[in-house]
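*Asks:* The residues making up each chain are set out below.
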Amino acid sequence: MSDYLLEMHDITKDFNGVKAIDGIHLQVRRGECVGLCGENGAGKSTLMKVLSAVYPYGTWSGQILWEGQELKARNIRETEEAGIVIIHQELMMVPHLTVAENIFLGAEPRTRAGFIDYDRMNAEAEKLMARLKMSDINVALPVYNYSGGKQQLVEIAKALNKNAKLLILDEPTSALTTSETKTLLDLVKEFKAHGMACVYISHKLDEVAEIADTVTVIRDGTHIGTQPMAELDTNKIITMMVGREMKNLFLREPHAIGEVVFEAKNITCWDVTNRERKVVDDVSFEIRKGEVLGVAGLVGAGRTELACKLFGCWNGDHEGKVFLDGKEIFVREPRHAVKLGICMVPEDRKRHGIIPLMGVGYNITMSVLKRYTSGGFIQSEVELAEIQNQIIRMKVKTAEPLLPIASLSGGNQQKAVVAKMLLPEPKVLILDEPTRGIDVGAKYEIYKLISELAKQGVAVLMISSEMPEVLGISDRVLVMGEGKLRGNFVNEGLTQEKVLAAAIGQPITEAA
Amino acid sequence: MTLTKKDVRKFLSEYKIVALLFIIVIIWAFFGFLTYDSETGTSQFLTTRNFSNLLRQMAITGMLASAMVFVIVAGEIDLSVGSLLGLLGGIAAVADVTYHLPLWQTITLVIVMGLFFGLMVGWLTAYLGIPSFIVTLGGQLVFRGMVLGLTGGITIAPVGPELRYIGQDYLPGWLGNSGGVLLFLVLAALAFWTRINRQKHKLVVPSMTTEVGRLLFAGALILGFLLTLNSYRGVPAPVLILLVILGVFTVIGNKTTFGRHIYAVGSNMEATRLSGVNVAYVKMMVFALMGLMCAFAGLTTTGRLAAGTPSAGMGSELDAIASCFIGGTSMRGGVGSVSGALVGAVIMASLDNGMSMMGIDTFWQQIVKGIILVAAVYMDIVSSGTQRN
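Residue numbers (the numbering used here), protein chains in the order written: chain B, 1 to 512; chain U, 513 to 901.
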């Protein structure tokens with residue numbers, strides 16, 4: 001009938017009226033590897049969640065054909081039974097269980113008496129590991145003994161055990177070393193030779209180029225194109241990924257840039273759990289008064305970790321020197337940073353930004369509460385008056401100034417968090433993904449504010465994964481990749497292609 | 513159907529304290545009815561004497577609950593307060609009976625020791641990162657062991673009359689009355705001062721009638737309270753101490769940066785830390801405050817029993833914790849009030865008192881109290897359901 005194993009037609013999924021993906025097609029033949037490419041937020045994960053029935057049949061529109069039959073799965077169990085297995089970017093291992101126990105989690109072989117049959121389980125686990133050429137792994141040891149790369153392979157063994165016909169790898173190499181990556185890629189090639197199909201999602205385009213037969217590119221939730229890899233190269237993929245118009249959202253008014261106010265030298269941070277792995281690797285940069293410094297890079301490039309280190313909240317090991325106004329400063333806790341005039345709006349608003357049960361107003365004044373006290377007591381009236389000023393200034397839409405902040409929309413919460421971090425009157429303001437998950441109107445307000453702050457002489461360090469945003473408001477752009485600083489460009493004639501190529505670690509020719 | 517359910521939720525979350533007062537009224541009416549004596553035409557439960565007793569019974573639990581609220585709001589728990597109360601009460605008895613220290617020295621010693629142990633527990637929790645459940649579970653054993661060692665396992669008696677006064681005596685009527693008048697004047701002055709200040713900053717102010725109405729209501733409460741107690745023997749000294757604590761702690765919770773930070777830490781510790789607040793210090797000081805309240809409760813217990821006993825305060829941490837939860841403190845942290853916890857303590861004491869009066873076995877009393885606690889927390893879950901949706 002059909003020579004396709006999987007066909008997804010015209011898949012559309014919306015969240016409260018906002019289309020996350022719109023009319024996407026994806027086809028996979030037996031024994032074929034399809035590369036799925038797109039920027040952060042393009043809709044790759046949403047598409048895979050539709051496929052694996054994280055969003056069950058009926059919550060999206062379109063059609064999925066699996067081995068020629070329509071697939072109407074209601075949960076992940078059903079798609080796994082069909083043979084579709086996803087391996088997620090973050091490893092889903094139970095660290096204290098053994099390798100074998102992880103592989104068979106939820107499907108443990110049992111003895112007749114109903115106990116786990118460890119002998120059979122370990123023997124079968126060893127067989128699987130042998131298939132993966134990983135015979136040196138002791139399946140009876142807890143998983144935490146092994147590196148991220150080995151754990152990734154255990155994850156694949158788990159998929160094999162489920163008789164996967166289609167393996168979906170979502171950024172499988174983001175935490176792997178070069179040699180581990182090579183092992184993984186070789187393995188995928190071998191699976192292909194045995195007739196297994198694979199969808200390979202990765203920002204690392206050289207990996208895609210190496211193993212994919214076909215490449216599908218999506219952007220902003222829409223289908224851009226599907227072409228055989230033979231007709232493509234990485235430059236062409238990059239162009240397809242970013243080729244969109246710049247909307248005129250950004251105000252980049254001319255402003256004076258002064259002397260160097262903040263300087264970071266040889267910053268290195270190590271992972272919290274895997275103490276050998278560097279998440280930020282020898283990064284140095286400086287930022288001037290009134291300068292907006294954008295930090296671009298793909299997810300996992302080490303940007304958030306760098307910001308954390310500068311703000312004093314990185315929990316892992318770290319080293320490097322930091323200077324403010326030419327003097328070395330030692331920031332061990334966020335409160336030291338705030339006192340010195342370095343403020344940060346964190347990336348994860350829910351976990352690190354808002355104090356959910358407290359009023360919007362009390363959230364705003366949290367870092368400067370002492371200002372409103374007299375004789376040790378808070379002068380409620382003075383505080384409330386300031387809160388009202390801030391709410392008006394930041395255009396926070398709230399019914400009452402003391403309504404719990406959790407009841408506001410994401411954009412308004414973000415404005416309040418930004419207001420909180422502006423009250424200490426910072427010299428350096430670090431914004432980590434300041435517009436993530438907020439609507440266009442609120443985005444515009446934030447861009448306007450950044451430009452205003454720059455005019456007042458604040459140095460703004462803005463981390464963003466939205467390329468147009470970085471190019472739209474930065475004076476200078478740092479590009480990070482795999483923890484290293486891979487580019488430091490003045491934002492004049494800078495293109496998305498150039499930035500993305502630097503982020504991926506693959507300088508391209510001007511012709512692209 | 514769904515509408516009514518929602519309405520109940522909304523009412524419960526917005527007027528928790530009203531709901532609690534309503535529960536007190538039901539409990540009192542219930543026991544009043546059951547202990548009604550048709551010959552004399554009075555109810556044994558609803559007498560001024562019993563009201564006074566009830567307040568005295570709840571005073572010690574109330575002192576512990578006042579600080580326990582802050583501990584729970586900050587997202588922690590303290591299981592060691594019963595033992596610490598016993599230890600500090602024991603220290604007070606030894607200082608008084610064995611060493612004949614003057615009262616002020618005894619009190620100073622006990623308060624210093626209370627703060628010391630509280631800071632210790634707080635430091636282990638906040639700076640060394642040992643979960644407070646474990647630190648205070650250990651503390652429970654350590655402190656109880658120390659009392660046994662200190663007293664040699666026997667009752668230390670009799671303590672001097674001054675110390676007894678703290679636990680047993682009553683304020684003369686004139687003093688109680690003038691205190692009440694003073695309190696009313698302070699409340700009135702505060703209300704109008706706030707009003708003027710708000711107007712100065714162009715903030716919305718409630719209408720004059722609401723303001724006056726509120727004050728009159730507070731005045732009526734104070735008056736009723738004093739008249740009831742004075743018609744028996746006056747305001748009991750421990751109750752006075754508790755009321756002062758209520759006032760001070762309410763001010764700490766609402767009017768100081770420390771208080772604001774306690775609520776913030778409990779609601780989202782990481783976000784609070786990233787706002788530049790010294791969260792470890794806040795947590796440690798919360799435990800120090802708890803230690804201070806153990807000192808007050810220990811002194812009162814020793815005064816009331818006129819002796820230091822090795823078993824003093826046994827199990828009172830659970831009463832204090834239960835009072836907080838019944839009084840609307842959220843076990844998830846970030847929400848709770850001292851006044852609510854004290855109302856919770858009144859509910860617990862009313863149940864104890866009423867059931868004892870009816871001659872119900874202690875085992876039944878424990879069963880009932882346990883069920884009430886679980887039901888109260890369920891109520892909290894139901895009422896906070898609106899916030900999550």
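Incorrect hints may appear among the rest.
Said to hold, decoys possible - Simulated restraints on C-beta separations:
no.: 1; chain 1: B; residue 1: Glu90; chain 2: U; residue 2: Phe645; range: 25 to 33 Å
no.: 2; chain 1: B; residue 1: Arg393; chain 2: U; residue 2: Trp705; range: 45 to 53 Å
no.: 3; chain 1: B; residue 1: Lys19; chain 2: U; residue 2: Leu727; range: 55 to 63 Å
no.: 4; chain 1: B; residue 1: Phe15; chain 2: U; residue 2: Met870; range: 57 to 65 Å
no.: 5; chain 1: B; residue 1: Leu403; chain 2: U; residue 2: Phe645; range: 27 to 35 Å
no.: 6; chain 1: U; residue 1: Ala701; chain 2: B; residue 2: Arg252; range: 54 to 62 Å
no.: 7; chain 1: B; residue 1: Ser61; chain 2: U; residue 2: Ile879; range: 36 to 44 Å
no.: 8; chain 1: U; residue 1: Gln617; chain 2: B; residue 2: Lys327; range: 30 to 38 Å
no.: 9; chain 1: U; residue 1: Leu640; chain 2: B; residue 2: Asp439; range: 41 to 49 Å
no.: 10; chain 1: B; residue 1: Ile392; chain 2: U; residue 2: Ile879; range: 53 to 61 Å
Note that these hints are calculated values from the structure, not bench results. Beta carbons: idealized from backbone N, C-alpha and C, even for Gly.
*Asks:* State for each hint whether it applies.
*Replies:* Verification of the supplied hints:
no., hint, in the structure
1, B:Glu90 / U:Phe645: 25 to 33 Å, "29 Å, holds"
2, B:Arg393 / U:Trp705: 45 to 53 Å, "28 Å, violated"
3, B:Lys19 / U:Leu727: 55 to 63 Å, "57 Å, holds"
4, B:Phe15 / U:Met870: 57 to 65 Å, "59 Å, holds"
5, B:Leu403 / U:Phe645: 27 to 35 Å, "33 Å, holds"
6, U:Ala701 / B:Arg252: 54 to 62 Å, "55 Å, holds"
7, B:Ser61 / U:Ile879: 36 to 44 Å, "56 Å, violated"
8, U:Gln617 / B:Lys327: 30 to 38 Å, "51 Å, violated"
9, U:Leu640 / B:Asp439: 41 to 49 Å, "44 Å, holds"
10, B:Ile392 / U:Ile879: 53 to 61 Å, "56 Å, holds"
Checked against the numbered hints given earlier, the structure breaks hints 2, 7 and 8 and satisfies all the rest.
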